[in-house]
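Novice: Take a look at the letters that make up each chain.
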Amino acid sequence: MNTLLLLYHSYQRLCRPRQLLTASAVLLGILAHGAGASETEVSFVNDIVPVLTKAGCNAGVCHAKAGGGQNGFQLSLLGFEPAEDYESLVKQAHGRRLFPALPHHSLILRKASGQVPHGGGIRLEQNSAEYAMLQRWIEQGAAFQTGTEPKLVAVDVHPPRGLIAMKGQQQLTVTAEYSDGSLRDVTSLSLYESNAEALAEASPDGLVTTHDLPGTFAVMVRFQGKVSVFSAAVPLGAPVPNLPPPANFIDQHLFANLQQIGVPPSPLADDATFIRRVTLDIAGRLPTDSETIGFFGSSHSDRRVQLIERLLKSPSYADYFASKWVPLLKNRRDEASDITANFAFHAWVRDNLLANSPFDQIVRELLAATGTVVGNPPAAWYKRVKDPKEQLEDISQLFLGVRMQCAQCHHHPFERWSQDDYYSFAAFFSQIGRKPTGVRGEDLIFHQRGIATAQNIKTGESLRPAALGDEVGDITADEDPRLRLADWMSSKNNPYFSKALVNRYWKHFFKRGLIEPEDDIRETNPPTNPELLAALEAHFLASGFDLKELIRLITNSKAYQLSALPNEHNLADRQNYSRFYPRRLPAEVLLDAIDDLTGTTTAFANLPAGTRAIALPDNSYNKSSNFLQFFGRPNSQSVCECERVQSSSLAQSLHLINSDEIKAKLADANGRAANLAALDSSLEERVTKLYLVAFSRKPQSHELQTAVDYLRDTLLDVEGKPIDGKQALQENFQDLIWALMNSKEFLFNH
Amino acid sequence: MTRVFKTLPNNFCPGPIQRRGFMKMGLGGFTSLTLPNVLRLRAENPSPTKPKKNAVILVWQPGGCSHIDTYDPKPLAPSEYRGPFGTISTAVPGMNFTELLPMQAKIADKFSVLRSMRHGSPGHPAGTMRMLSGDQDTRDKVKPRLPDWMSVTSYLRSKAGPRATPLPPHVAFNGPASYNGPAYLGDAYSPYYITGDPAKPNFSVSNIGLSDPNEVQHLGRRATLRKNLDTLERSLDQVGELSALDEFETQAMTLLTNQQTKEAFDLSREDDQTRDRYGRNTWGQQLLMARRLIEAGVDVLTTSLRGPLCGRVQNWDDHPVNHHIFDALRFRSHAYDQAVSALIEDIYERGLSERVLVVVTGEFGRTPKVSYQPSTGAGDASAPAGSKQPGRDHWARAFSNIWAGGGIQGGQFIGATDRLGEDSIERVCHEGDFLATIYQHLGIDLTTTIDDFNGRPTPIVDRGKPITELMA
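In order, the protein sequence lines correspond to chains A and B.
Going by numbering that gives the first Met the number 0, 615 is the number at position 616 of the first sequence; the sequence numbering is gapless.
Going by numbering that gives the first Met the number 0, 249 is the number at position 250 of the second sequence; the sequence numbering is gapless.
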């Protein structure tokens with residue numbers, strides 16, 4: 000996904016000779032615009048800038064100003080600022096880039112065609128239409144405006160949607176529409192990017208080629224600041240028989256998609272898998288052995304529904320989801336004195352989750368917080384996030400799924416967000432007043448009377464608040480503009496707020512957002528299942544922003560309850576949810592699970608004994624816990640969930656296999672190994688208990704046999720004498736627990 | 000103590016190509032690590048055939064070294080600038096050092112001095128972040144905004160494929176750790192940290208090469224049991240997504256059980272003569288260990304010259320309130336000169352001078368004009384509390400660093416500062432040039448970008464060019 004952006008900043012991607020424009024491909028596009036090409040006046044904005052863009056001249060690491068502009072030749076990123084580009088090309092560097100007396104000797108042409116050494120290689124061939132076009136423009140006097148040129152209004156890709164077989168092809172056609180009503184074929188001048196290169200690639204000429212994987216993908220098409228998207232599905236075409244009866248609309252939409260692309264889902268997971276999965280996902284912990292036995296013993300047909308209800312009511316639900324939100328809200332301990340504010344803020348988030356406060360209300364209280372942290376804990380967010388720009392960027396990314404960072408300095412390459420949009424959003428945060436309080440580093444937050452404005456640093460214009468292009472009306476000097484923003488967010492027609500939340504929660508339960516990354520919602524990054532996303536949004540809105548209801552809906556779906564084990568058709572599927580995608584337990588959950596398995600606790604500074612890692616209020620505990628660090632507990636630096644690292648590492652493996660921390664837990668005198676060794680019950684019963692704790696299932700007979708045999712082994716000491724039976728048994732239990740802990744079945748939610 | 004690296008975070012590069020790659024590695028992974036295999040790992044050489052990649056040793060002077068008192072003497076400047084140290088000639092005609100560096104002076108033809116570093120961040124955090132990560136923000140921040148070049152290297156190398164050696168790619172042996180780090184790359188690209196004093200007889204690195212055969216035996220028993228119990232494992236393995244784990248488990252077991260790994264960390268395997276030559280002190284043995292580890296296959300090694308050898312405040316931050324700067328420099332100069340000159344000579348003698356680049360620098364230089372303040376505490380190289388002593392403050396407008404090995408042309412002095420050593424005036428180099436030179440040696444494409452937390456492709460070097468004179 001991130002490769003999308005990379006394209007626009009990467010030298011290798013854009014400056015590579017492969018994308019060299021060929022004469023024939025482009026000629027068509029250019030001739031289409033004006034008949035009698037040689038007579039037509041070349042327009043800098045409509046003809047020259049697209050050539051520079053397509054050739055990659057204004058890409059980030061080439062001559063884009065944002066990237067420094069190689070050798071002083073600076074163009075606006077992707078040609079968003081033609082006036083600046085004109086200045087740079089024609090006037091700067093003493094005008095040496097153009098040579099009107101001998102146009103073909105112009106530096107721009109000699110460099111781009113490699114007649115003189117060029118760090119970016121050959122970008123235009125001498126016999127290409129673009130080369131001719133540039134030369135003609137210089138011959139005609141290199142004017143900025145012809146005076147008659149129409150303005151670009153829209154770009155359309157044809158077809159907009161498609162169904163392409165594996166290893167198939169589809170040629171796209173792109174049409175630009177101008178203010179004078181004229182149309183122009185700009186297929187060869189447009190830029191193409193597939194959002195799933197594993198599924199399909201798009202050539203510089205707009206030819207889409209699919210590979211041997213089924214699924215859905217989109218190709219973003221860009222021409223001069225306008226974008227259009229081609230969405231397509233690649234069916235596998237396998238029969239999809241025996242779908243489980245849908246539990247709710249999630250299943251209807253999800254199974255419909257699977258039927259369309261011909262990928263049969265895995266069967267439903269068994270009860271053991273389900274109780275472990277859903278308890279980990281809702282409550283952030285392993286089910287206890289008695290919970291598991293009770294669940295197995297229940298004859299109620301709705302026992303899964305009941306389990307979900309019980310988990311949603313449990314305090315560990317609030318702990319777990321607080322541990323998800325609090326780092327994103329940057330509850331970070333930079334100074335020891337932050338502790339009070341951080342505890343208060345964490346408690347506020349947790350209590351709201353426990354009470355199931357409507358999500359729009361939680362966000363409103365946070366967004367419009369005033370007062371001191373002690374009096375009003377959500378004010379702690381403003382303690383942490385002080386810069387108005389960071390405030391707007393965090394709020395828009397976290398609650399709207401819109402990334403505005405780029406628009407601070409340049410028009411976002413794939414979006415409509417301009418610098419005006421950025422600063423008018425910033426204006427909502429312009430009237431935040433701060434007064435020092437008795438607590439070091441902590442301000443009292445209040446609304447500073449006045450008309451909210453923010454200045455566009457580029458144009459110098461003062462802008463009134465507007466929410467991503469939506470007018471919010473006049474705001475008087477006495478009104479806190481942040482309240483108006485909160486109103487706008489939770490209004491029924493807001494296109495982002497509900498979508499961002501349901502997508503974020505979907506990802507929590509399914510590993511992959513319907514839009515991915517989950518906080519990058521834009522036209523050019525379409526969802527894999529738009530109907531499903533829309534239905535979830537509508538449901539969330541209708542429920543009154545009820546978070547627990549959303550979780551209930553998701554976890555009750557058959558889609559969520561599918562097995563992780565692939566069938567013969569869906570092994571390759573990574574985006575259609577035809578099976579459950581396993582994921583490693585998050586750092587805190589894993590530490591708690593290891594404590595549960597080994598029968599120990601982990602001590603955390605200033606917190607009562609027995610405090611679980613998922614209940615930790617801020618990031619400060621990461622410093623003292625190698626475990627939390629290695630397994631990627633976030634440090635509350637970023638509003639992106641990607642700060643939480645879920646991948647494997649050598650440090651993790653070393654830690655699990657041989658760290659002093661794990662060894663101590665295994666050998667704890669009051670721990671599980673010691674306890675099991677001391678019990679009177681049969682070894683079979685004790686192994687069964689261990690399996691119930693670790694995997695929420697009973698051991699299979701061969702597992703039981705292997706384990707019991709191992710436990711019966713006598714151990715020899717250094718001198719070769721057998722060691723005491725009790726001690727040997729305890730050590731053997733430690734080994735058994737070690738073996739279970741180091742298995743994927745334990746480390747993963749599956 | 001142990002901090003290492005990871006593969007790509009899942010969200011960076013989803014897709015079946017990566018998955019298949021992992022599967023290939025994964026199937027031979029932890030699942031097959033039974034006792035005999037553990038013992039085999041222990042005995043085996045970790046594929047020594049692969050050509051080794053270029054490597055870098057960064058010797059860090061935390062706090063910032065006074066350029067005027069070391070590599071950029073100003074004998075003609077007024078006394079309140081030039082300080083008390085005499086100037087000596089070196090093996091390179093025209094290049095003079097102060098008298099503090101006689102051993103380096105003798106081998107000055109083996110390294111080059113860059114006298115014209117310059118940046119605008121005169122605080123320790125901002126200066127360190129600037130030099131190591133290229134962050135141009137002049138404010139002192141708690142946490143780095145950009146990943147340091149060491150993490151970037153570790154990240155990019157791990158993307159390039161499995162390693163040929165069981166040693167981690169990035170080791171920090173008492174390395175700089177306060178103001179640098181992997182930032183948005185994630186802690187998995189933090190270095191493998193080793194701390195402690197290698198000059199002490201009982202020094203050892205834990206979790207590396209278990210020496211007790213019983214312990215190895217025990218680990219093998221556990222691994223065998225785990226394999227025998229494996230049921231879900233195989234069916235989940237089909238999915239492939241989980242098998243990245245196997246790769247790291249195998250690496251971890253190798254680190255724990257492979258004898259060669261243990262030997263790489265074992266200084267007692269060096270002969271006495273070599274150990275003496277580096278100096279039988281923390282710094283000398285630290286640099287010797289650096290050379291050992293690099294030779295054994297580590298890609299990036301950082302090591303800081305701090306601690307009691309520096310004097311009272313244990314670093315190079317020679318403000319008059321901290322140290323009597325001249326006493327302090329004299330106090331630490333012998334160990335410094337000996338260790339650095341030994342490392343440079345050794346790199347050449349052992350044929351590592353092409354593959355291994357050695358860079359010695361701090362975050363900035365020190366104020367050319369000497370100031371006086373009451374000392375805040377007695378101790379090594381510091382006058383009794385309250386008595387006035389000379390010092391120099393932070394100075395980022397001009398400072399020096401030295402470069403050896405890495406195929407560079409030794410015996411050069413590049414760039415120059417003005418008459419008083421206050422400003423770099425010739426061939427001014429910035430942090431971008433510094434980083435670009437290092438990346439170039441490591442074979443890393445300077446135009447590489449890495450997505451930050453916001454998905455913004457961020458260049459690894461912003462506006463820097465390799466210092467070509469070094470390569471001449």
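No lab work stands behind these hints: they were computed from the structure.
Don't be surprised by glycine CBs; every beta carbon is placed ideally from N, CA and C.
Treat each hint with caution, since some may be false.
Incomplete in silico selection of chain A near chain B, CB under 7 Å [claimed, not checked]:
hint, residue
1, Q404
2, Q407
3, H409
4, V644
5, L649
6, I656
7, E660
8, Q704
9, D734
10, W737
11, A738
Footprint (simulated), chain A over chain B, 3 or more residues, beta carbon under 8 Å [unchecked claim]:
hint, stretch
12, 221 to 227
13, 358 to 370
Novice: Now tell me if each hint is right for this structure.
Specialist: Okay, the hints, checked on the actual structure:
no.: 1; hint: Q404; verdict: 5 Å, holds
no.: 2; hint: Q407; verdict: 11 Å, violated
no.: 3; hint: H409; verdict: 11 Å, violated
no.: 4; hint: V644; verdict: 4 Å, holds
no.: 5; hint: L649; verdict: 4 Å, holds
no.: 6; hint: I656; verdict: 5 Å, holds
no.: 7; hint: E660; verdict: 11 Å, violated
no.: 8; hint: Q704; verdict: 10 Å, violated
no.: 9; hint: D734; verdict: 5 Å, holds
no.: 10; hint: W737; verdict: 5 Å, holds
no.: 11; hint: A738; verdict: 4 Å, holds
no.: 12; hint: 221 to 227; verdict: holds (count 4)
no.: 13; hint: 358 to 370; verdict: violated (count 0)
Checked against the numbered hints above, the structure breaks hints 2, 3, 7, 8 and 13 and satisfies the rest.
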